Amino acid sequence: MGQSLQAVTSPWTFAERREAAMTVLERKWSTLHYELAQSGGKIKHKYWKRQFTTRTLASVAALMLLSVTCLAGAYVLWFTATVNNIVDSVLTYREGDMYYMDWRYPQYTPYTRVYIYNYTNTEEFLRGDAKKLKVEEIGPYMYREKLEKVNVTFHGDGDTVSYREKRLFTFVPEESVGTEEDVFVVPNVPLLTGISLVRDKGFAAQLALRSAIWALDVDKGAFETLRVSEYLFGYNDKLYDAAQGALDMIGTKLPRLGMLTSRSGVNAHEYTIQTGTRNHSEIDVVVALDGKPDLGAWAEPECNRIDGAIGAIYQGPLWARERLHLYHVDLCRRINLDFQEERLAMGVLPAYRYTPPADFLHNARDNPENACFTPRYFGEWPSGVFPNAPCFENAPVFVSFPRFYQGDPKLRQMVEGVGEPEKDKHQLYLDLHPQLGLNLGCAVRIQANMMVRKAPLVGNYLDAFEDGTILPNMWFESIIDQYDPWTFRRTWHATFTLRWCETGFKYALPLLAALFGVLATRRMRRCVDRGEELCTANKTEVELQQLQQPLTTVR
Numbered sequence: 001m002g003q004s005l006q007a008v009t010s011p012w013t014f015a016e017r018r019e020a021a022m023t024v025l026e027r028k029w030s031t032l033h034y035e036l037a038q039s040g041g042k043i044k045h046k047y048w049k050r051q052f053t054t055r056t057l058a059s060v061a062a063l064m065l066l067s068v069t070c071l072a073g074a075y076v077l078w079f080t081a082t083v084n085n086i087v088d089s090v091l092t093y094r095e096g097d098m099y100y101m102d103w104r105y106p107q108y109t110p111y112t113r114v115y116i117y118n119y120t121n122t123e124e125f126l127r128g129d130a131k132k133l134k135v136e137e138i139g140p141y142m143y144r145e146k147l148e149k150v151n152v153t154f155h156g157d158g159d160t161v162s163y164r165e166k167r168l169f170t171f172v173p174e175e176s177v178g179t180e181e182d183v184f185v186v187p188n189v190p191l192l193t194g195i196s197l198v199r200d201k202g203f204a205a206q207l208a209l210r211s212a213i214w215a216l217d218v219d220k221g222a223f224e225t226l227r228v229s230e231y232l233f234g235y236n237d238k239l240y241d242a243a244q245g246a247l248d249m250i251g252t253k254l255p256r257l258g259m260l261t262s263r264s265g266v267n268a269h270e271y272t273i274q275t276g277t278r279n280h281s282e283i284d285v286v287v288a289l290d291g292k293p294d295l296g297a298w299a300e301p302e303c304n305r306i307d308g309a310i311g312a313i314y315q316g317p318l319w320a321r322e323r324l325h326l327y328h329v330d331l332c333r334r335i336n337l338d339f340q341e342e343r344l345a346m347g348v349l350p351a352y353r354y355t356p357p358a359d360f361l362h363n364a365r366d367n368p369e370n371a372c373f374t375p376r377y378f379g380e381w382p383s384g385v386f387p388n389a390p391c392f393e394n395a396p397v398f399v400s401f402p403r404f405y406q407g408d409p410k411l412r413q414m415v416e417g418v419g420e421p422e423k424d425k426h427q428l429y430l431d432l433h434p435q436l437g438l439n440l441g442c443a444v445r446i447q448a449n450m451m452v453r454k455a456p457l458v459g460n461y462l463d464a465f466e467d468g469t470i471l472p473n474m475w476f477e478s479i480i481d482q483y484d485p486w487t488f489r490r491t492w493h494a495t496f497t498l499r500w501c502e503t504g505f506k507y508a509l510p511l512l513a514a515l516f517g518v519l520a521t522r523r524m525r526r527c528v529d530r531g532e533e534l535c536t537a538n539k540t541e542v543e544l545q546q547l548q549q550p551l552t553t554v555r
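Taking full-length UniProt numbering, I'd label the letters of the sequence shown as residues 1 to 555.
Hint data in this document are derived by calculation from the structure and do not stem from the laboratory.
Predicted, not measured: the structure shown is a model, and the values here were computed from it.
Cβ atoms here follow ideal geometry from the backbone N, Cα and C, with glycine treated the same way.
Any given hint could turn out to be false.
[Said to hold, decoys possible] Listed next, the in silico EDC-like pairs over lysine to aspartate or glutamate satisfying Cα-Cα at most 16 Å (straight line):
1) K132 - D467
2) K166 - E148
3) K132 - E416
4) K146 - D102
5) K149 - E165
6) K454 - D200
7) K166 - E145
8) K134 - E123
9) K134 - E420
10) K423 - D359
11) K292 - D307
12) K149 - E270
13) K131 - D463
14) K131 - D467
15) K132 - E466
16) K410 - D467
17) K410 - E420
18) K149 - D102
19) K410 - E466
20) K454 - E466
21) K423 - E341
22) K131 - E416
23) K410 - D366
24) K454 - D467
25) K292 - E270
26) K134 - E124
[Said to hold, decoys possible] Beta-carbon label-pair distances, calculated as ranges:
27) T503 - M98: 21 to 27 Å
28) E342 - E302: 27 to 33 Å
29) W319 - C501: 19 to 25 Å
Working from the sequences, and respecting the hints, build out all of it.
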């Protein structure tokens with residue numbers, strides 16, 4: 001045949017070595033790679049037993065690690081509040097963070113609608129020809145608000161932050177019943193306030209006020225005619241200046257003119273609230289007002305509490321539906337909020353609606369919890385109005401819900417023309433996200449009223465009135481019912497996408513842990529079942545060593 005076999009130093013014959021090589025090739029073809037040497041006719045392989053064993057063990061270890069990781073993840077999702085804690089860490093006031101910027105520069109646009117009570121028979125009433133005053137509710141006059149936080153200062157380690165609110169009102173004529181030049185007959189606020197204040201200061205103060213009114217010839221009577229813009233945002237008034245001059249003698253000041261003056265521009269009050277970085281359950285809660293830890297307006301500490309949320313966010317979840325507290329400076333007290341119903345905010349987001357209890361503005365006789373909110377100098381009044389005089393220079397200002405909603409019917413009988421209140425139109429409410437505690441919508445609806453308080457030396461201006469009469473001035477509603485698109489999308493994903501993923505992983509991770517565990521077990525079992533050749537050094541390794549010996553091709 002022309003071929004000869006060169007001698008090789010091997011105990012095996014050529015046939016035995018060829019048979020061994022073919023056996024290994026058949027059994028290891030998927031793993032071992034052989035190539036025929038182009039020179040010398042040697043068969044080389046790229047396989048080492050130690051590499052294969054290490055790779056097998058590594059794959060088993062990786063599967064076990066994945067199984068343990070999935071089990072740990074399932075435990076975290078099922079038995080800890082890690083996801084909620086992560087969400088809470090995002091919903092805090094940290095300077096420069098996304099949520100902080102949304103809080104400081106809100107992207108939503110609140111709208112304020114104003115309804116003014118126009119007095120239509122004042123001359124007849126003052127002459128004695130009419131027993132009751134008649135009013136006509138005219139509105140809305142709509143204003144678009146631009147809100148931001150100014151003078152923002154963080155304290156300590158960022159646990160609290162101080163700020164003032166800045167509101168700019170822009171008239172929206174296309175959504176209003178008239179213009180800001182419309183004229184109304186309304187109660188003379190400076191006169192009613194001045195007379196009420198000097199009533200409790202003695203005859204000297206009363207005489208000083210009467211002399212000032214006479215000297216400056218500013219006797220306009222109990223009513224005056226004003227334009228909408230003047231009535232809402234202030235105006236120059238000689239009577240106001242005269243009354244203030246008289247009251248300066250006894251160290252008393254009049255509140256600023258204008259029904260919305262306190263809400264327009266930079267607010268006079270500085271809030272200090274919790275940021276939620278240390279304790280998220282206290283986020284947005286007021287800890288100081290103008291640097292003081294309480295209101296300091298009432299006799300009892302309980303009534304001076306200000307530790308209510310501003311209203312942007314509450315600690316969630318709210319599944320317990322417990323009573324919440326809101327602080328609003330216009331009411332001169334902390335507002336109690338009780339769960340009312342479940343609903344959808346913005347048509348899709350789940351929300352809990354909270355409203356004040358029905359007896360929130362009741363007098364002390366009808367609601368003993370309000371006993372400490374009773375200034376002695378005002379005597380008694382019907383349930384449904386609240387004296388926030390201590391926060392307005394002791395002016396006889398009483399607040400209520402629009403049209404005396406939830407109030408004593410006697411209030412609507414003091415003047416004619418006050419319509420029947422409706423829950424959907426006149427209720428104050430706050431819609432909160434049940435899981436996140438976010439404010440999803442609100443309607444702040446407040447009515448301003450004046451109490452007629454006569455004083456002996458200046459009583460001739462108010463002769464036609466019965467002492468203690470409550471005169472409605474106006475009411476407004478500030479409504480937020482829509483987010484901007486970007487905020488809405490984030491809230492939607494936090495509500496649905498995040499929770500869907502959380503629920504999916506809660507069930508998927510245990511299944512994956514079981515799957516990876518089964519794969520690892522099968523891998524180990526297959527290794528054992530296929531014999532020692534895959535797991536330990538054996539005869540095959542000897543065979544492979546033999547294969548490394550050079551073969552000589554017989555030519």
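Okay, the hints, checked on the actual structure:
| no. | hint | result |
| --- | --- | --- |
| 1 | K132 - D467 | 13 Å, holds |
| 2 | K166 - E148 | 5 Å, holds |
| 3 | K132 - E416 | 7 Å, holds |
| 4 | K146 - D102 | 13 Å, holds |
| 5 | K149 - E165 | 5 Å, holds |
| 6 | K454 - D200 | 10 Å, holds |
| 7 | K166 - E145 | 10 Å, holds |
| 8 | K134 - E123 | 11 Å, holds |
| 9 | K134 - E420 | 15 Å, holds |
| 10 | K423 - D359 | 15 Å, holds |
| 11 | K292 - D307 | 12 Å, holds |
| 12 | K149 - E270 | 10 Å, holds |
| 13 | K131 - D463 | 12 Å, holds |
| 14 | K131 - D467 | 14 Å, holds |
| 15 | K132 - E466 | 10 Å, holds |
| 16 | K410 - D467 | 15 Å, holds |
| 17 | K410 - E420 | 12 Å, holds |
| 18 | K149 - D102 | 10 Å, holds |
| 19 | K410 - E466 | 14 Å, holds |
| 20 | K454 - E466 | 9 Å, holds |
| 21 | K423 - E341 | 14 Å, holds |
| 22 | K131 - E416 | 10 Å, holds |
| 23 | K410 - D366 | 14 Å, holds |
| 24 | K454 - D467 | 6 Å, holds |
| 25 | K292 - E270 | 10 Å, holds |
| 26 | K134 - E124 | 10 Å, holds |
| 27 | T503 - M98: 21 to 27 Å | 25 Å, holds |
| 28 | E342 - E302: 27 to 33 Å | 31 Å, holds |
| 29 | W319 - C501: 19 to 25 Å | 21 Å, holds |
Consistency note: the structure conflicts with none of the earlier hints.
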